[in-house]
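Asker: Chains W and Y, in that order, give the protein sequences. For the first sequence, the numbering used here assigns the number 1 to the initial residue and increments by one for each residue that follows. For the second sequence, the numbering used here assigns the number 378 to the initial residue and increments by one for each residue that follows.
Hints are computed from structural coordinates only; laboratory data are not their basis. Given the structure is predicted, the values throughout are model-derived calculations rather than measurements. For each residue, glycine too, the CB sits at the ideal point set by N, CA and C. Please note: incorrect hints may appear among the correct ones.
According to the in silico footprint, chain W covers these stretches of chain Y (three or more CB under 8 Å from chain W) [what the hints assert, rightly or not]:
1) 466 to 480
2) 499 to 506
3) 555 to 562
4) 573 to 586
5) 601 to 613
6) 652 to 658
From chain Y, some residues computed to sit far from chain W (all C-beta separations above 12 Å) [as the list claims (entries may be wrong)]:
7) I394
8) V438
9) G552
10) G566
11) A595
12) G644
13) L667
Cβ pair distances, simulated, as ranges [unchecked claim]:
14) G193(W) with G604(Y): 35 to 43 Å
15) L671(Y) with G357(W): 25 to 33 Å
16) T514(Y) with G357(W): 13 to 21 Å
17) V444(Y) with G193(W): 25 to 33 Å
Spelled out, the chains give:
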Amino acid sequence: MKHNKLIFALAAASLAAGAVHAKEVVVRIGHAGPLTGPAAAFGKDGENGARLAIEDANAKGIKIGGDTVKFELVSEDDQADPRTATTVAQRLTDSGVKGVVGHVTSGASIPASRIYEQAGIPVITPSSTSPKLTQQGYKMTFRVIANDLQQGNALGKYAVDQLKAKKIAVIDDRTAYGQGLADAFANSVKTSGGQIAGREFTNDKATDFMAILTKIKAMNPDAVFYGGMDAQAAPLARQMKQLGMTAKLLTGDGGCTGEMIKMAGDALSATTFCTQAGIPLDKMPGGAAFRTQFKQRYGNDIHVYAPYAYDAMMSVIEAMKTANSVEPAKYQPALRALAYQGVTGPVAFDDKGDIKGGSITVYNFDAGKWAPLQTIQ
Amino acid sequence: METFLQQTLNGLVSGSIYALVALGYTMVYGILGLINFAHGDLLMVGALVALQTVSLLNAAVPGLHPVVLLAAGVAVAVPMCMAVGYLIERIGYRRLRNAPRLAPLITAIGVSFLLQTLAMIIWGREFHVFPQLVSTTPMQPMDGVVVSPLQIFTIVVAFALMGGLMLLVNKSRLGRAMRATAENHRVAGLMGINANGVIAATFIIGSGLAALAGVLFASNYAIAHYGMGFTPGLKAFTAAVLGGIGNLPGAMVGGLVLGLVESFGAGYIEHLTFGFLNSSYQDIFAFMILGAVLIFRPSGLLGERVADRA
Chain W
1 MKHNKLIFAL AAASLAAGAV HAKEVVVRIG HAGPLTGPAA AFGKDGENGA RLAIEDANAK
61 GIKIGGDTVK FELVSEDDQA DPRTATTVAQ RLTDSGVKGV VGHVTSGASI PASRIYEQAG
121 IPVITPSSTS PKLTQQGYKM TFRVIANDLQ QGNALGKYAV DQLKAKKIAV IDDRTAYGQG
181 LADAFANSVK TSGGQIAGRE FTNDKATDFM AILTKIKAMN PDAVFYGGMD AQAAPLARQM
241 KQLGMTAKLL TGDGGCTGEM IKMAGDALSA TTFCTQAGIP LDKMPGGAAF RTQFKQRYGN
301 DIHVYAPYAY DAMMSVIEAM KTANSVEPAK YQPALRALAY QGVTGPVAFD DKGDIKGGSI
361 TVYNFDAGKW APLQTIQ
Chain Y
378 METFLQQTLN GLVSGSIYAL VALGYTMVYG ILGLINFAHG DLLMVGALVA LQTVSLLNAA
438 VPGLHPVVLL AAGVAVAVPM CMAVGYLIER IGYRRLRNAP RLAPLITAIG VSFLLQTLAM
498 IIWGREFHVF PQLVSTTPMQ PMDGVVVSPL QIFTIVVAFA LMGGLMLLVN KSRLGRAMRA
558 TAENHRVAGL MGINANGVIA ATFIIGSGLA ALAGVLFASN YAIAHYGMGF TPGLKAFTAA
618 VLGGIGNLPG AMVGGLVLGL VESFGAGYIE HLTFGFLNSS YQDIFAFMIL GAVLIFRPSG
678 LLGERVADRA
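Let's have the full structure, built from the sequences with the hints guiding it.
Answerer: This is the structure in structure tokens:
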């Protein structure tokens, strides 16, 4: 009898202690991206998206391991610079964050990913699209947006199936980005039944493409694909026009910019197409609601990647809920196996950490801007 | 055949711009034995100053004829570049004239960085659109070959400038003084020639040509950027060496040959090597030709003919 009383007392004591403990636990999650410099708008956008996710989660009063968790955002500025990115990553891991949303640019994400890997802290990028990021074999690196390989695949298939281009010439600038994109594009064209009429090369400082374009013109292709940035794609478009070429011009996201429209001027036409990872906001499952919420909270519109940053942050929180733990080692397997319906669509990762079935949107030049044509899953 | 003619035309356009820039390298080398690595960046300064002038003028007086705009851009860019060229010589190189040859060479590289950084601070990092003031609408003189008025304009202006420079060097008093200074500036000084003045004049003329080349280059590709001088500068230096550095006709021949070799290299390298090499080797192709020329003719295609040095 006495014995039972003791057990009861102990149980009561532990319950009481639990109740005190269950009040609130603060969990810090990092966000890293450029908050200053030319890419600052992208970084701020991501930070705002991530903060919105944290506020939503806190409003719900999520319980993990029996405790009510209060999430806190730790935002760092990596200036889109590879060296600053590693410093920032080190600072975040040292400050005890349980996960990181970021970085925004591939150049920053790749060097930073090694530091998170060593520290054992999951990092989810909302916007870095270099295939290299997830090819390093890291267990802690994730991405909620389609990568450049998926982009090249999608555009190659689109060119053959939808644009009915049979003969396509491919040019790339021999950079990791341009070549990776062009290779993926060329393979996809071939598997879709198209023909690669010629494979030409330039570099990322070139301005004169007349020689290779003359060679391509003689092959009479239906379309020309350029893998590279807008600074080359724009003069290339002008020189195609100057040579009287009527082939369609296709580029990836490097040429899918406002700068491209500014620099190429009247050389762009309805036969210019480009792709971007992700989907336009109005096509996202939760897009309209997210836009309203975002505008109410921050007073300005979404730049580009805020919904992806929101989903990245929510993925971390969802995985913590599933694993019932905020410890990175415990919730990382749950992140790998995640199946979450986000603002941008379903979020689930493949064995490399890339999003499964990430979407790519094909744009067409129309009335002075890029108009979305079709989203490919 | 049409492709061949088109490639020849492409080569002539880029080659004539290389030739104009190469003249600046070769003139300075002929007189001082100095490779002025900042010369390519003067092309960039010329293009950006012209762009600034054109956009300011267009904002102040809208609706001006493109030719007036272009002329105004050139009218500001050329004296501006001449002034910059003179200052570089006066401040950077003159004091080092009797220093070991490496000192002015390193200074030249420093000046190149300085010009690029200043341009980056003034005009920013972004690419600017250079208005194509001469029409780029393709014309078809024969089936399969297209040429734009802008391309014809580029070739004509470049050849006229080269011809003018040859006249200046071979027929005028200043030209004679330049040739004398090129042979030996100390002896020329003893003969009553103001060697400092002649050297300054050389820099001023070379810089003016670079400014014009910059305007031609930028309007051909419709782009201007603080780093745009590097590649044409390097190519023009190659052209000067190819033709025989220090030799004026050599620079012109070298520039045109380099332009043509690049164009044919990109167009035909795959056929010539049976698909073994492709256009990613187009620059290597140009340098292979340079290597071959230098092995068989170490002083370039036309050689360093001393009497013709300017």
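Asker: Does each hint hold? Answer for all of them.
Answerer: Hint-by-hint comparison with the structure:
no. : hint                             : verdict
1   : 466 to 480                       : violated (count 0)
2   : 499 to 506                       : holds (count 4)
3   : 555 to 562                       : violated (count 0)
4   : 573 to 586                       : violated (count 0)
5   : 601 to 613                       : holds (count 5)
6   : 652 to 658                       : holds (count 3)
7   : I394                             : violated, 9 Å
8   : V438                             : holds, 22 Å
9   : G552                             : holds, 33 Å
10  : G566                             : holds, 42 Å
11  : A595                             : violated, 9 Å
12  : G644                             : violated, 5 Å
13  : L667                             : holds, 18 Å
14  : G193(W) with G604(Y): 35 to 43 Å : holds, 42 Å
15  : L671(Y) with G357(W): 25 to 33 Å : violated, 57 Å
16  : T514(Y) with G357(W): 13 to 21 Å : violated, 46 Å
17  : V444(Y) with G193(W): 25 to 33 Å : violated, 51 Å
Taken one by one, the earlier hints fail for this structure at numbers 1, 3, 4, 7, 11, 12, 15, 16 and 17, listed in ascending order.
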